[in-house]
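> For the sequence shown, the residue numbers in the numbering used here are 184 to 502.
Be careful, since some hints might not be right.
[Unchecked claim] So the derived label-pair ranges between C-beta atoms look like this: (1) ALA317 - GLU455: 41 to 51 Å; (2) ASP363 - VAL461: 31 to 41 Å; (3) GLU361 - THR391: 17 to 27 Å; (4) THR465 - ASN324: 41 to 51 Å; (5) VAL502 - LYS469: 35 to 45 Å.
Note that these hints are calculated values from the structure, not bench results.
Backbone N, C-alpha and C fix where the C-beta goes; we use that ideal spot for every residue, glycine too.
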Amino acid sequence: MKTLARLVLGLVIFDAAVTAPTLESINYDSETYDATLEDLDNLYNYENIPVDRVEFEIATVMPSGNRELLTPAPRPEEEEEEEESTPRLIDGSSLQEPEFTGVLGPHTNEDFPTCLLCTCISTTVYCDDHELDAIPPLPKNTAYFYSRFNRIKKINKNDFASLSDLRRIDLTSNLISEIDEDAFRKLPQLRELVLRDNKIRQLPELPTTLTFIDISNNRLGRKGIKQEAFKDMYDLHHLYLTDNNLDHIPLPLPENLRALHLQNNNILEMHEDTFCNVKNVTYIRKALEDIRLDGNPINLSKTPQAYMCLPRLPIGSLV
184 MKTLARLVLG LVIFDAAVTA PTLESINYDS ETYDATLEDL DNLYNYENIP VDRVEFEIAT
244 VMPSGNRELL TPAPRPEEEE EEEESTPRLI DGSSLQEPEF TGVLGPHTNE DFPTCLLCTC
304 ISTTVYCDDH ELDAIPPLPK NTAYFYSRFN RIKKINKNDF ASLSDLRRID LTSNLISEID
364 EDAFRKLPQL RELVLRDNKI RQLPELPTTL TFIDISNNRL GRKGIKQEAF KDMYDLHHLY
424 LTDNNLDHIP LPLPENLRAL HLQNNNILEM HEDTFCNVKN VTYIRKALED IRLDGNPINL
484 SKTPQAYMCL PRLPIGSLV
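Construct the entire structure; sequences and hints are all you get.
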């Protein structure tokens, strides 16, 4: 009985061994698997190998399985961006004239931008000491214009036309001897006019908006200033007419006038109502505190009542 049981057990074990999958032997495929440490030192000794015979092998580990390697696709957009980031040269011939005129102002008669010839800062134009013989074309937004120490001889009626924002004109030290009648009259915002050190013999009609006038050191004579030229200038504060050939004080004077400089002229006489109102003995002219008549042949002591309404006596000869 025991013998039969052993026989059946042996058959079962044999059948299981036959039906089991075959295991392949593991091969490490290495010549140095059984090598000792001493043998490894001799095997990897590179000291005696010439440099020109050394070979290097660079390899990458392949991933297991059938997965495909993903390589980055080319990015044309980056190439376009790099091209666009490269600075481009601008050809000077591509600049159009309207762009220049907008930045540098209108062109002069020599086809030269005013703001390249002069200095333009915001609404102010400086053309001092440039040997100009005429007023250059100005940008339309010009508010303050300076052209001192030049050779300008005439002011034409169109020199300041359409400059509705012009507030100050300074043409000191030029050679101006002629001014067109409408050169200044149509400037609605003009506040200050400086024409000193020129050769002006006659003033044109001036705008009533003026607060400061300086026409000193010119050649204004008896007919150089129109009658009642300053009458309607209610905001006129300073009137400088020194070093001319005037023989009278231009009347009437604006009520708000603060300073009147007439020194070094040919004024011979003064009336009692030149500054004051003889019909109103209580009238006081508070604003007019600075009157200069020195350098004139007039004797101020002959008309004492002419100064009764003034806060200060005029400066001039008393003998």
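> Work down the list of hints and note, for each, if the structure agrees.
Here is how each hint holds up against the structure:
At about 46 Å, the CB distance of ALA317 to GLU455 agrees with the hint of 41 to 51 Å. Hint check: ASP363 to VAL461, Cβ distance near 39 Å, so the stated range 31 to 41 Å holds. For the hinted restraint 17 to 27 Å between GLU361 and THR391, the CB-CB distance of approximately 23 Å keeps it satisfied. Distance hint check for THR465 and ASN324: the Cβ-Cβ separation is about 49 Å, which falls inside the suggested range of 41 to 51 Å.
For VAL502 paired with LYS469, a C-beta distance near 29 Å fails the hint of 35 to 45 Å.
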